[in-house]
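There are 2 protein chains.
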Amino acid sequence: MNDIVVSSRVRLARNYDDLPFPHKMTPEQGDACVVRTLEALRDVPESYRFIPMKNEGDMEKKALVEGHLISPDLLLRKEGAALIRSDGAVSIMINEEDHLRIQAFAPGENLQAAAENAFRVEEALAGRLNFAFDGQLGYLTACPTNIGTGMRASMMVHLPMLTLFKQMGKVNQVAAKLGLTIRGIYGEGSEARGNLYQISNQVTLGRTEREISEAVSAVARQLTEMERTFRERTLEKDSVGFLDQMFRSYGLLSNARRMQEKEFMAHWSNLRLGAAMGKLPVTTALCDELLTKGQSAQVQQAAGKPLTNREIDEKRSDLLRRALTGGE
Amino acid sequence: MNDIVVSSRVRLARNYDDLPFPHKMTPEQGDACVVRTLEALRDVPESYRFIPMKNEGDMEKKALVEGHLISPDLLLRKEGAALIRSDGAVSIMINEEDHLRIQAFAPGENLQAAAENAFRVEEALAGRLNFAFDGQLGYLTACPTNIGTGMRASMMVHLPMLTLFKQMGKVNQVAAKLGLTIRGIYGEGSEARGNLYQISNQVTLGRTEREISEAVSAVARQLTEMERTFRERTLEKDSVGFLDQMFRSYGLLSNARRMQEKEFMAHWSNLRLGAAMGKLPVTTALCDELLTKGQSAQVQQAAGKPLTNREIDEKRSDLLRRALTGGE
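Residue numbers (this note's numbering), protein chains in the order written: chain X, 1 to 328; chain B, 1 to 328.
It cannot be assumed that every hint is accurate.
A pair counts as met if it fits within one copy or between any two copies, since identical chains are not told apart.
To be verified - Simulated pairs of lysine-lysine, DSSO-like, Cα-Cα distance not exceeding 27 Å:
1) Lys293 to Lys315
2) Lys166 to Lys61
3) Lys305 to Lys237
4) Lys315 to Lys237
Calculated from the structure, these hints are not laboratory results.
Can you build the whole structure from these sequences, using the hints too?
Here is the structure:
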């Protein structure tokens, strides 16, 4: 399914039972929340990078948002902080909407790996600290929509053909009936840049963690089948035209000297399509790596200094060209 | 100057003194004109392919027009025929507007080589047959604009930057004062596809052959200087943007699977620009070869069978890709 599923993610919302929710905290309580979390995690074997929102530079914070490691909301919280596992597979947001938002990521279709990582952190913390929990409702959260399991399972899926053939509206209706939503990840409004979508559960209450994961997986499987069918049909109908589209994007990405993010995302979609279908000399893993590295703040952060927009577009092209051709 | 001058051409108009001009000929006289020309050329060392217009297939005739070996007008003449030297460097149109139009071609800036080839054929014919000639006027032709030397000298020049910076109007005014014209070669109307222009003399009377060639060469040198200046300035001003433009076209030409002629010509222009400036891994000689081979009728003729437009666009892409990358 990794021809269509780019990555999997599990997010757990948790709150300490002796502190008010973040929007009602004093600065001292905010600091206490950060400190106890850091202390409780001191003994876990993995190493975490600690990033307090008030001290960090804009460039690094933007790069974390682009990488989906932290939310844009966290940037606005004075007492906010993040813990990023050194391999980037786990991030913990402290004092965002809830005291803790534990997120774990896995490449491709692998909600189980993501869930295991998230719950390992959650259990390490629960072993030393008390979470707000109600026997009837489950975990208590700042916003009622997260009460219960406090869990959101999601998958990032690449659906260029369902988008092209205007199937996303229909697909969304089906998903809604199962308590799931599907929405564009990059870009604003109705446009889904790169034809990338996130499937995730709306409902956290009245369902077990396993049921949530299974619902997301089931819809991902269904979308995968549909997307594959449209890909195969298009290939049968006009295989040269389909290859033409992929190879043109490959040719541009591996030759251009200056490319804006929006154009990059459009060609990236064709690149991943060609990689997933075994038509281009690129792996989907490389595509997915470039998806992150090619975002503007990531490019800027890799440069290690502030860049103009034009410089970002040039550095982006440089890294794409090097990655795709191994050349200068 | 071959960074800007693609090819040179000399054309001589000649008529036999005992036959009416082609538009007044009987079919028998037309045939007689063809036969005597063939006989007179029997002893020249080079071999010629004889192509009578009435028998030839459309595909071959279109390909000859595209290659500028014959004029579109010749296609309309029932008694028309062409003799094409096996290396394509000389073509003789029989019974077009005049009895003979002897054309010789040379790559790059080399009017001298073209003139030598044209006059060698002309002299071989003049040694056996009598041309219509007046002591005062010179060679007599069907249209008075060709009287005198009957010679047209021309160069095909590639002027992407003079076109981009809208200098062609100004340049044309200067050329007109010298009795020369500059016009687009491919495409119709004001658009010069591939940014390719032909400089040629308007006037054939009252100037020696040498003067005509020198006037064309002088204007070509001047345009070369101007075009180079604009290229250098553009490179200084925004070298990455300039490279980006060249490399994008290179990437598309070497990756696309289906490309129409108009799009091909636009990217070809960037390809030749990059080759001429030493920025792309391609020679100008290869570019010039592809310019001819990439034209629709040439693609069709190379396939040796009638093709649909879509098939032509695919074969064109195949040949471009092979030529540029050596790959499949």
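A quick look at each hint next to the structure:
Proximity of Lys293 to Lys315 under the C-alpha cut-off of 27 Å is restricted to the intra-copy arrangement: shortest distance 11 Å within a copy versus 36 Å between copies. In this assembly of identical chains, the alpha carbons of Lys166 and Lys61 never lie at most 27 Å apart, being 35 Å within a copy and 46 Å across copies at closest. Taking CA atoms no more than 27 Å apart as the test, Lys305 paired with Lys237 passes between copies only; the shortest distance there is 24 Å, against 48 Å inside one copy. Taking CA atoms no more than 27 Å apart as the test, Lys315 paired with Lys237 passes between copies only; the shortest distance there is 19 Å, against 38 Å inside one copy.
Of the numbered hints stated above, the single one contradicted by the structure is hint 2.
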